[in-house]
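This is what each chain is made of:
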Amino acid sequence: GEDVEQSLFLSVREGDSSVINCTYTDSSSTYLYWYKQEPGAGLQLLTYIFSNMDMKQDQRLTVLLNKKDKHLSLRIADTQTGDSAIYFCADPDGDTGRRALTFGSGTRLQVQP
Amino acid sequence: DTAVSQTPKYLVTQMGNDKSIKCEQNLGHDTMYWYKQDSKKFLKIMFSYNNKELIINETVPNRFSPKSPDKAHLNLHINSLELGDSAVYFCASSRLPQETQYFGPGTRLLVL
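Chains A and B, in that order, give the protein sequences. Taken in order, the first sequence gives residues 1 to 113; the numbers are from the numbering used here. Taken in order, the second sequence gives residues 1 to 112; the numbers are from the numbering used here.
Chain B with its partners taken away, still in its complex shape (with noise of 0.2 Å):
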């Protein structure tokens, strides 16, 4: 009975490499979150898509690519990885822009 899921949990790549963190959600919400924690344990928001459309698009890298292919998926897929993407990475989702974000266990990447 999860309410936001993430895969993978933990994921250890190469400089250079492109990778995918994938988010789903059983909560019937419309709209979801990408959100980057740094080493430090600052959050930010990164995108928000309603209803499958892109509402929010913080200053990130166009390397960066939501992609959401229903409402119930928001995916990230991460081209020509750096080191300073090394971070944990969470998907949220709310029923409505306005209202309460529920977050999923994050995925932690760590880029060498």
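With the rest of the complex left out, here is chain A (with noise of 0.2 Å):
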């Protein structure tokens, strides 16, 4: 089946960039996601990025797509203490008539002050 994998945890100074890093199997998804948990709050969408694209730009988020690698990344610019959360990729698989997401383990991101 599908596999989603992401480095647990990442820490990084307020104002730095932060990079978080994630790797898919299924190469058949026409989008790759990017969901945000706060502390005990639900998931909230951040960013997509279509299958044919290589990067996307949003404010201070910047999704990088790699096909031939099946790497995907999320890069926040000028980090605040307030991005502080689990950063979740998610790649739907399956067929089209399905499509649940396989969620990654999430990267848990600390910004010190």
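Please keep in mind that the hints were generated in silico from the structure rather than gathered at the bench. One thing to keep in mind: the hints can contain errors.
Here are the simulated DSS-like cross-link-like pairs (lysine-lysine), alpha carbons at most 27 Å apart as the crow flies [said to hold, decoys possible]:
(1) B:Lys9 <-> A:Lys36
(2) B:Lys22 <-> A:Lys36
(3) B:Lys9 <-> B:Lys67
(4) B:Lys41 <-> A:Lys36
(5) B:Lys44 <-> A:Lys67
(6) B:Lys40 <-> A:Lys70
Bring the two chains, given one by one in their own frames, into a single complex with the hints.
Structure representation (structure tokens):
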């Protein structure tokens, strides 16, 4: 089945850039997603990228997609303490009739003041 | 103007009890999902309904029974609760099965 992997923890200083990496195995998806989960909260859709794109920029967020290596990354510029959260990479798997999301384990981002 | 809502937000109950979690979406979406997040934050699909029809039923104990009375609602009923059922349960919806999923705030279930 589908496998999505992320590193578990990242610590950065406020104002630095954060880069969260993800690898996946199912290359048939049309979109790949990043979700954010703040402590005690639900899952917030952060951004997504079409599979035919290499890069997508949205304010402080930059998503890079390397389809050949099946590697997705999320860069947060000028990281703030409010960015401290768990970030999940997600890949829809299965055929177009199902498309449940397979999530990575989540990367816990800690931003130090 | 809540998009995907779940009730209750917290649920504390004893082993062996039966409980239900409700989910409603006002986005006009056709597809709804239940995911389970365990204590290590791993998220896994449990069920999915499209137009009130079950389309995904992962390896979940049959003590868990989803019910979709209409396209806007997907409820989760759990019989004979066990300690291992303690988790956060997330409901989600999407316009179509292959489109972006939007999540509810989660229901934190603790079985004592």
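* Does the alpha-carbon distance linking lysine 44 of chain B and lysine 67 of chain A stay inside the 27 Å limit? -> holds (24 Å)
* **Pairwise hint evaluation, lysine 36 of chain A against lysine 9 of chain B, where the allowed Cα distance is 27 Å at most** => With Cα atoms ~19 Å apart, lysine 9 of chain B and lysine 36 of chain A stay inside 27 Å; holds.
* Asked: Given the hint that lysine 22 of chain B pairs with lysine 36 of chain A, does the C-alpha gap stay at or below 27 Å?
  -> holds (23 Å)
* Asked: Taking only the CA atoms, is the gap from lysine 9 of chain B to lysine 67 of chain B under or equal to 27 Å?
  -> holds (19 Å)
* Compare the distance between the alpha carbons of lysine 41 of chain B and lysine 36 of chain A with 27 Å, and conclude whether the hinted pair is satisfied. => holds (12 Å)
* Taken at face value, is the distance from the CA of lysine 70 of chain A to the CA of lysine 40 of chain B at most 27 Å? -> The hint holds at about 25 Å.
In this structure, every one of the numbered hints holds.
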